[in-house]
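Trainee: Listed here are the chains, written in short residue letters.
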Amino acid sequence: MTAGQITAIQPVQEAPDQAGVAPFGPKPRRISAGRIGIYAFLVVAALFFLIPVYIMIVTSLKGMPEIRLGHLFNLPGEPTFQPWADAWRHACTGRDCNGLSPGFYNSVKITLPSVFISIICASINGYALTFWPYKGANLLFGLLVFGAFVPYQVVIYPLIIGLSSVGLFASLPGIIIVHTIFGMPILTLLFRNFYAAIPVELFKAARVDGAGFWRIFFHIMLPMSVPITVVAVILQVTGIWNDFLFGVVFAGRANWPMTVQLNNIVNTTTGVREYNVNMAATILTAAVPLLIYFISGRWFVRGIAAGAVKG
Amino acid sequence: MQKSWRRRFHLPAVIGTIPMILVAVGVFVIGIGFSVLWSFTSSKLFPTYDFVGLAQYRRLWADNRWLVSVNNIWFFGLMSITCNMVFGYLLAVFMDQRIRQEDLFRSIFLYPFAMSLIVTGLVWQWALDPNLGLQEALRNWGWSSFSFAPLVSAETALYALVVAGIWQGSGVTMAILLAGLRGIDEDIWKAARVDGIPTWRTHMSIVAPMMKGAFATAFVLQCVSVVRVYDLVIAMTGGGPGIATSMPAVYVIQLITVRQNVGQGMAAATMMLLPVLVVLAFSGILLWRRNRLREAGA
Numbered sequence: 001m002t003a004g005q006i007t008a009i010q011p012v013q014e015a016p017d018q019a020g021v022a023p024f025g026p027k028p029r030r031i032s033a034g035r036i037g038i039y040a041f042l043v044v045a046a047l048f049f050l051i052p053v054y055i056m057i058v059t060s061l062k063g064m065p066e067i068r069l070g071h072l073f074n075l076p077g078e079p080t081f082q083p084w085a086d087a088w089r090h091a092c093t094g095r096d097c098n099g100l101s102p103g104f105y106n107s108v109k110i111t112l113p114s115v116f117i118s119i120i121c122a123s124i125n126g127y128a129l130t131f132w133p134y135k136g137a138n139l140l141f142g143l144l145v146f147g148a149f150v151p152y153q154v155v156i157y158p159l160i161i162g163l164s165s166v167g168l169f170a171s172l173p174g175i176i177i178v179h180t181i182f183g184m185p186i187l188t189l190l191f192r193n194f195y196a197a198i199p200v201e202l203f204k205a206a207r208v209d210g211a212g213f214w215r216i217f218f219h220i221m222l223p224m225s226v227p228i229t230v231v232a233v234i235l236q237v238t239g240i241w242n243d244f245l246f247g248v249v250f251a252g253r254a255n256w257p258m259t260v261q262l263n264n265i266v267n268t269t270t271g272v273r274e275y276n277v278n279m280a281a282t283i284l285t286a287a288v289p290l291l292i293y294f295i296s297g298r299w300f301v302r303g304i305a306a307g308a309v310k311g
Numbered sequence: 312m313q314k315s316w317r318r319r320f321h322l323p324a325v326i327g328t329i330p331m332i333l334v335a336v337g338v339f340v341i342g343i344g345f346s347v348l349w350s351f352t353s354s355k356l357f358p359t360y361d362f363v364g365l366a367q368y369r370r371l372w373a374d375n376r377w378l379v380s381v382n383n384i385w386f387f388g389l390m391s392i393t394c395n396m397v398f399g400y401l402l403a404v405f406m407d408q409r410i411r412q413e414d415l416f417r418s419i420f421l422y423p424f425a426m427s428l429i430v431t432g433l434v435w436q437w438a439l440d441p442n443l444g445l446q447e448a449l450r451n452w453g454w455s456s457f458s459f460a461p462l463v464s465a466e467t468a469l470y471a472l473v474v475a476g477i478w479q480g481s482g483v484t485m486a487i488l489l490a491g492l493r494g495i496d497e498d499i500w501k502a503a504r505v506d507g508i509p510t511w512r513t514h515m516s517i518v519a520p521m522m523k524g525a526f527a528t529a530f531v532l533q534c535v536s537v538v539r540v541y542d543l544v545i546a547m548t549g550g551g552p553g554i555a556t557s558m559p560a561v562y563v564i565q566l567i568t569v570r571q572n573v574g575q576g577m578a579a580a581t582m583m584l585l586p587v588l589v590v591l592a593f594s595g596i597l598l599w600r601r602n603r604l605r606e607a608g609a
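Quick mapping for you: the protein sequence lines, in order, are chains D and H. Mapping of the first sequence onto this note's numbering: position 108 corresponds to residue 108, and the numbering continues sequentially without gaps. Mapping of the second sequence onto this note's numbering: position 163 corresponds to residue 474, and the numbering continues sequentially without gaps.
I should point out that these hints are in silico values taken from the structure, not numbers from a laboratory. Treat the hints with care, as some may be off.
Label-pair distances were calculated between CB atoms; the ranges are [said to hold, decoys possible]:
hint : chain 1 : residue 1 : chain 2 : residue 2 : range
1    : H       : H514      : D       : I120      : 40 to 48 Å
2    : D       : L139      : H       : R411      : 20 to 28 Å
3    : D       : I57       : H       : G364      : 55 to 63 Å
4    : H       : D374      : D       : F48       : 31 to 39 Å
5    : D       : V230      : H       : W454      : 31 to 39 Å
6    : H       : T467      : D       : L139      : 46 to 54 Å
7    : H       : G549      : D       : L69       : 49 to 57 Å
From the three backbone atoms N, C-alpha and C, an ideal C-beta is built for every residue, glycine too.
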C-alpha cells in the first residue's frame, strides 16, 4: 500500500514547488484535492492491472483444500511450492504428464533461431531498400507493409499447403520459417527507417573506397545497428514466445511451444481442475517475456512505438 | 554520382533480398491469391480446383455461426477500441500531471502487454470464474447475494472479453498517447490558461486534435489486434458458451482444421481480408492525394 501513502504525502511535499522555479510544469497546478483525485485514479487503475496477477500468485502457492475454501484474496496459509514443481514436471495434457518443461524447451528451440534469422533477413532488407534500391524494390516493400495488416487467417492455409509440399509442415524448421515470414514486415520497416536516418555520405565514402554490398553491410552498417537490433530482439523474443496460433498450427505436436502446452494443460477437460498448478504454469509461461520487459524497460516501449509507426 | 549507383541493378542487393522477394510475392501475393481462388472451389480437407462460383459465400452467409462471429467482431471491436482509447487517454492525462513514481505506474499499466494473450485469457477466466473468482470471494466476505459471472452467460461473455482486452492493451495506448502529450508545446497550455479556458476544454478542443498522429497510431494498432483476436478467445472462452464468443479468426481456423471445409474457410478468410483492403486502399488514396497537394504547393 505504498501507493496509498504517496497519495497522502503528495500535496504537502509538492507545496514548495508551487513557488515555480524555471522549468515549471506545463499544466496548471491543482489544489491538493485535485492531486488526491489524480493519485486515487491512478491507484485504482493500478489495482485493476495488479489484482488478477496477485490472485494468480497467491493461489499458486496454496494447496487445493485451501483454494476450495474460496478466500481468493487471502495470503496462503501454508505456502507451498509443490504446485510450481508439479506445473513444471507433472501437469497433464490428456495422457501425457510431463508438465510444462518440454514446452519451455520447445519455445527456446523455436524462439532463438527464429529471432536470429528474422533479424538478419530484415536488416539486409532494410539496408538494401535504403542504399541499393533496385527496380521494383519499393513495390516489394509496399507488399511487405501490406502484409503487416493482413489477417493471418488468409495466409495460413496456403502456407500449410506450401510447407507440406516441401515436407516442412509440422516441424521445427517449418515453424521457424513461419515466424520469419510474419516477423519480416515490421522488422524490415524498423530497419529501413533506421538506415534511412544514417547520412548517405557514409555510404558514398565506402563506395568510393571500393567496398561492395556485403562489405559495407557487415563492416559499416551492422556495427552501427546495435540500438535498433536491441529493439528488434525485444520485439521478436516477446512476440514469438507469446505466439499461440502459429505454434499450434505449424509446429507439430512434438514441438508445441509453451503457450500451446499451457492452454492444453489448463483447458483440458479430464480430471480435477488443479487451480494452483494451472496458475503456477501460467506464471511460468509469462515469466520469460515479463523478465525481458522488466529488464529492458523503456526499450520495450520504444519497440512497440517503432513497430506501430507506419511507413 | 550517387544517382547512378542507386539506379543501377546490383546483383548482390537482389540476392540479399531473396527472402523478402519470396515473402512479399510468394506469401502475400501468391498465397493470398490461392486463398481467394480456393474460396470459389468445393475444397474439403485438401484443395481442389472444382469451381462452384459463389456457392461457398452463400453457404457462409447462411451459417449462423459465421453471422454470430461477424456480429461479435463488430461489437468487440467497437467496444474494446472505444474503451481502450478513452481509458488509455485518461491514464495518459493523469500520468502527465507530474506525478511521483511515474515509472512504477508505467510499468504496472504496461506489463500485461508483455504477456501472451493466452495468459491474459486464462487470468481473466479465473478471475471471473463463479466458483473461484470475484463472485466467490465477495460472497465469502459476507455479500452472499453478490452475483457476477459474465463468462457463464451468452449475453455477457463478450463484455468479459472486452475487459480482458482492455487489461492487456490499454497500457500501450497510454504509452503512445503519453508520448503524444509530451510532444505538445508547453506554451499552448500556458496560452489556454491565460485565456481562462478550463483544463478539460483545453484537452478536448486543443490538445486532442493536435495529437492526431498519436491517436492514429494507437488506433491502427488496436484495429490490427482486433481483427486478429484469436488467442484470447481460445484461452478465455473457447468461443463459448455455445457459439456466443465466436470470432471470424476462430471460425476460419475451425473450418480448416476441425470441420475440414477449406472452401468455406477460405471464403470466410477472404471476407476478413475485404475490410482491411478497403481501409488500406482508402488510406493509400488519402496519402497519395496529400503528397500530390504538397508537390503542387511546393
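Trainee: Indicate, hint by hint, whether the structure satisfies it.
Mentor: Now the hints, each set against the structure:
1. Our hint of 40 to 48 Å for H514(H) and I120(D) holds, since their Cβ atoms are close to 45 Å apart.
2. In this structure, L139(D) and R411(H) break the distance hint of 20 to 28 Å, their C-beta atoms being roughly 51 Å apart.
3. Our hint of 55 to 63 Å for I57(D) and G364(H) holds, since their Cβ atoms are close to 56 Å apart.
4. Separated by about 37 Å at the C-beta atoms, D374(H) and F48(D) satisfy the suggested range of 31 to 39 Å.
5. Between V230(D) and W454(H) the beta carbon distance is about 49 Å. The supplied range of 31 to 39 Å is therefore violated.
6. Between T467(H) and L139(D) the CB atoms are about 48 Å apart, so this pair conforms to the stated range of 46 to 54 Å.
7. At about 28 Å, the CB distance of G549(H) to L69(D) disagrees with the hint of 49 to 57 Å.
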